[in-house]
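Please model the entire structure based on the sequences and the hints provided.
Residues per chain are reported as follows:
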Amino acid sequence: MLKGRPCKIVEMSTSKTGKHGHAKVHLVGIDIFNGKKYEDICPSTHNMDVPHVKREDYQLTDISDDGYLTLMADNGDLREDLKIPDGDLGTQLRSDFDSGKELLCTVLKSCGEECVIAVKANTALDK
Amino acid sequence: MDNSIQTLEAAAQMLMAPPNLVTSEQRHHAERVFMELRSTKNPYQLCREVLEKSSSDYVLFEAAGLLKTALIREWNLLNENDISSLREYLLNYLMRKEPPLFLREKLLQTIAVIIKRGSINDTGRDRKALLTELEKIILSSPIGQQKLACALIQAIMQEYAITVKSSDVGLTWEVHIWLKKTFEATDLKRIFRFTVGVLEQIVRSGVRPEGDNAILTKQLLTIVETILCWSHVTLLSKRLTRTLETIYESDGPRALRLNHNWRDTIMKPELIALFFEIHLHVRSNTDLANPSLTCLVQLASLTGVVVSMGNLKQQYFENYVNHFMRMLSMIQPFDREMLGIADIYQRLVQFFTPPMIAASPPAFLQNLTTYTCHCIRGSIIEEGINDDTVWRESFNKFLNTWCSLVHDSDGFTNDQLMTPCIEVFNTYLQCRLAPPDGTRGAEVNDGCNDDIKDDVQEDERQLHSNVLMTIGAMARKAPAHCCHVLYSLLTERSKRLESLLQLCMGKQDTSVGEQLILLFEDLHWILMITGHTIAVDVLEGETVMIPQEILQYSVSENADVGASLRYLVGESTNTENVDPIIKLIAEILRTGEYERAALEAGLGYAFSPELSATLSWLLKIWANSYVMQQSSEYGAVLESAFGVGSQGSVWSIRRLTRRASAVLRHMSSQPIAATHATLLLATLAHNRRKEGTLDIWEEFLSLVAWEAAGSKLPGSVRKELHRAFAIAATYAEGEARSRLLTSTVALTEKLQNILTMASDTEPIYILADTLECFIGITEGVHEVGTVDEQFVMLIAALDKIPGILFKYHNYPNVVLSALNLLTKSAKRMLHSVQQQNAIKFLEVCNTTFEVYMRWNSGKISSIPQCAEEEAYEDVCALMDLICAIASCGTEHPVGDTCARGLRLLLPMITQSLLALPTLAHSAYRMLKNLDHHELLTVLPVELFNMVVTALRVGLTAVSCDVSTLCCDTIVGIANKVRTLGSDNPYAMSLLSLAELLLMLIIKMEIPPDTIPSAGAAIYALTCVKPALLEGLARQLIEAYTVNDPGNVPRLEEAFGILTDGVLFDGMRTHKIRFQDNFDKFLANVHGFLIVK
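Chain order of the listed sequences is A and B.
Per my numbering, the first sequence starts with residue 1, numbered consecutively.
Per my numbering, the second sequence starts with residue 10001, numbered consecutively.
Mixed in with the good hints, there may be bad ones.
Stated by the list, open to error - Restricting the straight-line Cα-Cα distance to at most 20 Å, the calculated cross-link-like pairs of lysine to any residue (SDA-like) are:
{"hint": "1", "chain 1": "A", "residue 1": "Lys54", "chain 2": "B", "residue 2": "Phe10806"}
{"hint": "2", "chain 1": "A", "residue 1": "Lys109", "chain 2": "B", "residue 2": "Asn10810"}
{"hint": "3", "chain 1": "A", "residue 1": "Lys19", "chain 2": "B", "residue 2": "Asn10810"}
{"hint": "4", "chain 1": "B", "residue 1": "Lys10495", "chain 2": "B", "residue 2": "Arg10590"}
{"hint": "5", "chain 1": "B", "residue 1": "Lys10807", "chain 2": "A", "residue 2": "Met72"}
{"hint": "6", "chain 1": "A", "residue 1": "Lys24", "chain 2": "B", "residue 2": "Pro10907"}
The set of hints was computed from the structure by calculation and includes no laboratory data.
Bear in mind that the values here come from a model prediction, so they are computed numbers and not experimental data.
Written out as structure tokens, the structure reads:
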């Protein structure tokens, strides 16, 4: 967690305050949901909070007119509480879906937030 | 003609115009004009016209380039008179017009090419005549023409000098070599003598060269320098020559190796004297001083047949050293000059025998010492303040010299070396210590104190190890002095450390803090120097003896065993009759104790992690050569203190383990300190191999328990710690061993717990960390005898990997760690475990492949444009895993598992994979490995066909690495399927590659460095089916009959050359003959097919 946001650490370097000083850790993280960059620096003796992150794949069955996705979990449960993601991913998702591809959406869940972060072709259906 | 010059000039203007003034169409048109110009046939008259009339630089440049390429291309069609008239015209043109530099160089190169190609037929007659002409010009013409003549000599030399890198002038390798050799034999020495003669005149004139004269002098010096750095032809294969040339290039100029023809020139005593005079004459001008110094450096490395007789070498050396010393007595070297002097010293010591060196006048050693000390000071100031490294480079060269001097047993005696060594040692130590003992930070420009304020990026102990190793070796030449100095310094500093740390207790006093930092830095250096003096730093796992000089010193002191031991363990503080080495070691151990006490008293925040790391390092290298060693040479004192089973050794091991354990417990968040502590533990685990008593392991076992209870150490440190545990378990016996092994059990339980918990209660990184710890264990397992036992325990964890991959397939770091763990286990253990265990492992791998395939098939088929290689690390890891399994093919039945892996991976090896270089390299290296272990030709045919498809893709790769791997793999497979007959499905599939390969070669669409391997592949394929090459040749010729009938006879002839005298039986002699023919074939075919 950097500045209260769940982040994926993309860069971590330790430096010392002088040759004989103690280590400080410099962290750069990307918010796993909105892609914003956060930085933090703290002594290496400090504890950091680590977010629990869950990734699950859902099969995409429909997209409603107001932009909500209909997703089916492995066990067949349906959910319709997630919106189509912003940006390129959303555009690609929509165009792939419109062209009739079978899609799997990877949903990331952490700190009470959920979001589709990746889309891939569902190969399991081919077999 | 005038018209076309105008067209060209207009086009040139178009090309050079700023982008806003011309349209892209106009630009393309202009480009086309020049493209056409470049392919003009017989353009000589046109070029002359251009050179005479055009005023556009670009057009002139293009014309000169065209002249050269056309000459090379059409050489065989031109008659001798045309060529010589062209050459005369060019020379005349240059003299007349004095064209700008870019044009001059191009034209000079063209003349040089004419000379070189012409000398094939006239055995150098023309070249001789030209040289005579040029010499005349240099001796008597105006300065402008003199410079031109020198430049032409340089250009000619350059054409002959290069071999593997020669611009391709349509000559084969053999002809290049032959031409170079005749040039060396006839003209090189002549040029040398002439040039040296001219330089002598310049020196005798007494006038310092300036302006144009300086330029001319520089040219002359450069010619001489080039000759002295010349690499004479050696009779080696192309490949070997290439390797040698690459090595020499990276290593600076090679030695001056001459044959007997040079004896009359180079052995003249006046010649050496002259070169020193030249340098004295020009040294104030940096431009001239550099080449003149290089000449001196080269002359300091004279070897070869020229000095092989009698005492010629001795005479040469004495003469050289006398003049060298004379020069040194006359000058105060400049910074840059120091580098040359250091180089001369290094080369003299490298190329002349130690007895010769030892017999040199006393000034030799005195000057060396003075200059070394000078450079030490210079280099330490330099470290902190600027990016220039000239002092450090000089210092390193001096150190190399010392390194040879102190290690040569038949050179200088110890007595001769002692005083200089002490001087260098003291100077170095002083520069590293704070005042009053030293001078660190005393000078205004000194960068040392800034250095302390900054963080260090590299590991200090590695950064300085080269220098310190030599300083240590020098210290050992005067052990009494150096050990005593180090002992006194260490005693004083460690006492101060103890008291300062006590002052720190409970209060944050800044003045104490500053004092502490200075003290840490002092101790850091004292410990590093001590380490390199009393022991030798080697790789982990290697054991070395105590250095000879230290042993002799200890023995010669003949101290009292009892008194020494009592002092060591701190029972007595009386230093009388105590062995000096033990005294020093006791002080080191005591410093470690102060550290431990401070850490345990909660002063971790005040102690330097860097110093802790240095201390761990020193204890590590000390333990490695002193503790528990079995040697009759160690003398009574060291033997009884640290020999196998001695009380002293048990005592020290426990002490060191306890200290390392304290560092881990109290400085776990300081990566550098914790890492070095685990390295120390690993070494301690290593060298317990003979004595397995339980009390040695006591501290180890408490660490095991601490880690099992959840140590909160950072992941990387935990991994290293588990490695140390595994090493220990390898060497321990009985109860200790089984208790050490509990660390693996505890880790497996932990893994099980993570897996059974709901996935969102334990963060994922803990799982990845745990897997990394298992990797640490596999890295630590050592001896064949205990592998099985440790492997069985490990299998319990490996067994869970398919399940992990299934559940966590979406977490790349977990997947990667899991696959790496399998790979490491296969690499380190699989080959030496029993069959039934191996089979269990292979089953785990089989399931792993299946699970991986379930989630990742098609992973590579759709690589997005912006793909980053890191995203495919897991695929690389899989490939590594298959390689590792394949390499155990002789011990275990691995074929089936490899085939399963390939079935998974082969569909991924497509064109898009080549966009990811690392991945492509791994993939083809894997195929080559599998071929090497004979696993490809036992695959089912349909899988084998996929391999061939993958190879087909790989051959078209731009990277030389990949295409070479493919060719090598083809050779390997071809050799195996040859016995099966050419109508066998494997052979047929493989042979389908031949046509593609041949076309790629002929069209030069394969990287040049792959050509030799490609030739070998063609040969190997033809061996499978002898009619193959002929068939392909016929196909190709037929294609040409339609499109380009003019080249058909030449093509036929070329194929004739290719198969001339070659039998396709796979025997070595024929293989080599084919390679030779292949080179000729290519030079021939590319000559007329490519230039079009």
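Now the hints, each set against the structure:
1. Lys54(A) x Phe10806(B): holds, 14 Å
2. Lys109(A) x Asn10810(B): holds, 13 Å
3. Lys19(A) x Asn10810(B): Roughly 40 Å separates the two Cα atoms, so the pair is violated.
4. Lys10495(B) x Arg10590(B): Holds, because 10 Å separates the two Cα atoms, which is no more than 20 Å.
5. Lys10807(B) x Met72(A): holds, 18 Å
6. Lys24(A) x Pro10907(B): violated, 46 Å
Hint violations for this structure: numbers 3, 6, all remaining hints satisfied.
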